[in-house]
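Chemist: As a plain string of letters, each chain reads:
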Amino acid sequence: MTAHDMPKAPVIAEVRDLRVQFDSKRGNVHAVDGVGFQIRDGEMLGLVGETGCGKSVTGRAFLNLIPRPPAKIAGGRVLFRPRGGAPCPDCAGEGCEACGRTGTETVDLLTLPPKPMRAIRGARIAMIFQDPGKALNPTLTIGAQLAEVFLQHRSEALLAEAGVSPEETGWQANALRRMAREEDRWLDRRLKGLPPLSSAAAKLDAALDAHVAAALAETQIPNPARVMRAYPHELSGGMRQRVMIAQALACDPDLIIADEPTTALDVTIQARILDLIKTLQRKRRTSVLYISHDLSLVRRVCDRVAVMYAGRIAEIGTVAQVFADPRHPYTQGLIAAVPRAGTGRGHLASIPGSVPELVDPPPGCRFADRCAHVMAECTRANPVAREVAPGHQSVCFLEKTGQTAAPATSEASTT
Amino acid sequence: MQLRDYIVRRLMILPVLIFGVSIVVFALTRIGGSPIGVYLSHEMNADEVAALEERFHLNEPLVVQYWYWLKGALSGDFGYSGVASAPVSEVFWPKFAATMELSVFSAIVAVWLGLWLGVFAGTRRNRWQDHLTRVVAVSGASLPLFWFGIVLLIVFWANLGWFPVGRSTADLWASIPHPTGFYTLDAILAGNVQAFLDALWHLFLPSITLGFGAVAIITRMMRSALVEELQQDYVDAARAKGLPERLVLKRHARRNALVPTITVIGLTIAFLMQGAIAAEIIYRWPGLGRWMADAVVRGDQATIMTYVLFTSVLFLFANLIVDIIYAKLDPRVRLGD
Numbered sequence: 001m002t003a004h005d006m007p008k009a010p011v012i013a014e015v016r017d018l019r020v021q022f023d024s025k026r027g028n029v030h031a032v033d034g035v036g037f038q039i040r041d042g043e044m045l046g047l048v049g050e051t052g053c054g055k056s057v058t059g060r061a062f063l064n065l066i067p068r069p070p071a072k073i074a075g076g077r078v079l080f081r082p083r084g085g086a087p088c089p090d091c092a093g094e095g096c097e098a099c100g101r102t103g104t105e106t107v108d109l110l111t112l113p114p115k116p117m118r119a120i121r122g123a124r125i126a127m128i129f130q131d132p133g134k135a136l137n138p139t140l141t142i143g144a145q146l147a148e149v150f151l152q153h154r155s156e157a158l159l160a161e162a163g164v165s166p167e168e169t170g171w172q173a174n175a176l177r178r179m180a181r182e183e184d185r186w187l188d189r190r191l192k193g194l195p196p197l198s199s200a201a202a203k204l205d206a207a208l209d210a211h212v213a214a215a216l217a218e219t220q221i222p223n224p225a226r227v228m229r230a231y232p233h234e235l236s237g238g239m240r241q242r243v244m245i246a247q248a249l250a251c252d253p254d255l256i257i258a259d260e261p262t263t264a265l266d267v268t269i270q271a272r273i274l275d276l277i278k279t280l281q282r283k284r285r286t287s288v289l290y291i292s293h294d295l296s297l298v299r300r301v302c303d304r305v306a307v308m309y310a311g312r313i314a315e316i317g318t319v320a321q322v323f324a325d326p327r328h329p330y331t332q333g334l335i336a337a338v339p340r341a342g343t344g345r346g347h348l349a350s351i352p353g354s355v356p357e358l359v360d361p362p363p364g365c366r367f368a369d370r371c372a373h374v375m376a377e378c379t380r381a382n383p384v385a386r387e388v389a390p391g392h393q394s395v396c397f398l399e400k401t402g403q404t405a406a407p408a409t410s411e412a413s414t415t
Numbered sequence: 001m002q003l004r005d006y007i008v009r010r011l012m013i014l015p016v017l018i019f020g021v022s023i024v025v026f027a028l029t030r031i032g033g034s035p036i037g038v039y040l041s042h043e044m045n046a047d048e049v050a051a052l053e054e055r056f057h058l059n060e061p062l063v064v065q066y067w068y069w070l071k072g073a074l075s076g077d078f079g080y081s082g083v084a085s086a087p088v089s090e091v092f093w094p095k096f097a098a099t100m101e102l103s104v105f106s107a108i109v110a111v112w113l114g115l116w117l118g119v120f121a122g123t124r125r126n127r128w129q130d131h132l133t134r135v136v137a138v139s140g141a142s143l144p145l146f147w148f149g150i151v152l153l154i155v156f157w158a159n160l161g162w163f164p165v166g167r168s169t170a171d172l173w174a175s176i177p178h179p180t181g182f183y184t185l186d187a188i189l190a191g192n193v194q195a196f197l198d199a200l201w202h203l204f205l206p207s208i209t210l211g212f213g214a215v216a217i218i219t220r221m222m223r224s225a226l227v228e229e230l231q232q233d234y235v236d237a238a239r240a241k242g243l244p245e246r247l248v249l250k251r252h253a254r255r256n257a258l259v260p261t262i263t264v265i266g267l268t269i270a271f272l273m274q275g276a277i278a279a280e281i282i283y284r285w286p287g288l289g290r291w292m293a294d295a296v297v298r299g300d301q302a303t304i305m306t307y308v309l310f311t312s313v314l315f316l317f318a319n320l321i322v323d324i325i326y327a328k329l330d331p332r333v334r335l336g337d
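Protein sequences, first through last, are from chains A and B.
Residues in the first sequence are numbered from 1 upward in steps of one, following the numbering used here.
Residues in the second sequence are numbered from 1 upward in steps of one, following the numbering used here.
It is worth saying that the hints were derived from the structure and are not from the lab.
Predicted model, so just to flag it, every value in this text is computed and none were measured.
From the three backbone atoms N, C-alpha and C, an ideal C-beta is built for every residue, glycine too.
Any given hint could turn out to be false.
[To be verified] Chain A regions said to be covered by chain B (calculated; three or more residues, Cβ under 8 Å):
| id | segment |
| --- | --- |
| 1 | 116-126 |
| 2 | 133-140 |
| 3 | 149-158 |
Extracted from the complex, chain A is given alone in its bound form:
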């Protein structure tokens, strides 16, 4: 997918005015304060910002994995429109405001009940975590951990491969069904190895192993059969991240949240993992929200980029727009801070000051006290997003001359 045919792709997920606050002893921390952006089908959106700017919390909102308490959702919606989803119940597929004129059912991931949420997690939206050494359970084999995804979301396919037809009844078929759905009871596990059940259970295990091995092979892991039996601590960091990627891609999701997937890895491995993610994303046309603090990585792999600062979006646009013509002073500072081959010794640029406290913040632009272009209104009111070019918005008072005054919390005007 190239940058200019992007607007044609339907919006698959959208964050609207997301506000997440954390209770702390010193007050209410506004970790995410009115963030809004859209992710289109098949695109890779980079979410860039410093540590603590709220990018990880925003990413976790897609899986409803924000720990509540201590966090609370103070407002906003995270909308998701799965590929090939059911028709919109409001307009019966006609296209209305609720479904963004797509005719496909749109769900709010923040208010979805646990059961449908679980059906989305791992199947329609998956996550790659920052540190694969911590995100894999140290006491379970790689195979067992990957198998969980298939057992949760592909149990019908597994049963079919094991030769259990949906019509079949009787205690044996029911026991196998419980095994394939991870609802097995104590007695099922005892009977699993015994004759009437053992051959079908072995077929089920074989089908599961085949799925797991195929998923591992997809991420170019050599010798999947051996890796399946290994424990996380027996693998290298890069190998573990390949396992995480295989796990995320296992059920062919529509959206992958990649939360700094290369940060914990050796520099030599980073590029290879990044290329792997990009290759698999192109091949499957999966949408990816790529969370990173590294501008150069985002520039390399993403189609569009959203720059976050202190819980808010500062600037959003295509990679070409943002890097060629950064409009927000923070983005300009960030890009200037990346050292280039030509940068002379002792000339590393930086943005003066530090990230503000997010405990009960006053109104106004969060970047005001570090900004070289600060004006009187910057500390009085919150800036709104202004369109500087089609699909390129900057949330800054400097853009007063902008044609469209789209609200900071929505991208609706860009469609």
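Start from chain A and add chain B according to the hints.
Modeler: Chain B only, in chain A's frame:
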């Protein structure tokens, strides 16, 4: 190394360890002086004392004395108990079995209840259920066993009359054979349901008294381990895969929280063996309790040595079991070298 090889190797080392323990126990007991005192009476003259010393080889060097003791112990003769006025080997087993039955039963209750309460509190962190569990745990750790036991005795035996004291109802006990000395096991072997229930009924109060402190320790350990595991990334990763909370807890967090808790459970076994002596005296449990208390006061070394030796062997086995469970739970534990 395979787990099976490891177990075989540990079992092969066990006799060597027991031999070492016996030397240490023998030496430590002898620090208290000659064991002759408990066998003497006021009417004896010097010649009679010398004859007694000669009979028990107490006039020989310490190493030779140890040799005689070891020879006897290997053939099942653990000496003569001055307190019980009988050979140790005759009196020891039934009493030891009674103490073991109480300790094992308390351990089972304490481990089960402690783990359950720990999970209950850990999954409801900082809610009222957690605070309530903390009250139980703190009181369990701080109430002295003898005091708590007496309170239970006054309320449930003296006032309400719901539970008995002692080990059994005499005629039920007499109605079945006792091949193992464990009343519950003997009742099962005899197929006597009434005797089995009688055994449980008698076990109830003493094992609660004895297990309460252990419940407290296990609960607190399990709770903090679970709280820590629940904050790990892999728990969120499991949720991100779409696992129901039931499996996130059972297969991921709870299982990993058991690893540190198992170590504490192993140590608790020693705690129970100590506490058993007090609990037995309170509930007139016919175990080693009173015998051991008298033996220590009167310097009955044959009895003390036998008790310490058997307890050490039990402890060695408990540790072996803990290590095996440890290796089973955590693949990162390296077996052997």
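Chemist: Check each numbered hint from earlier against the structure, then list the numbers of those it violates in ascending order.
Modeler: Nothing - there is no hint that the structure violates, so all of them hold.
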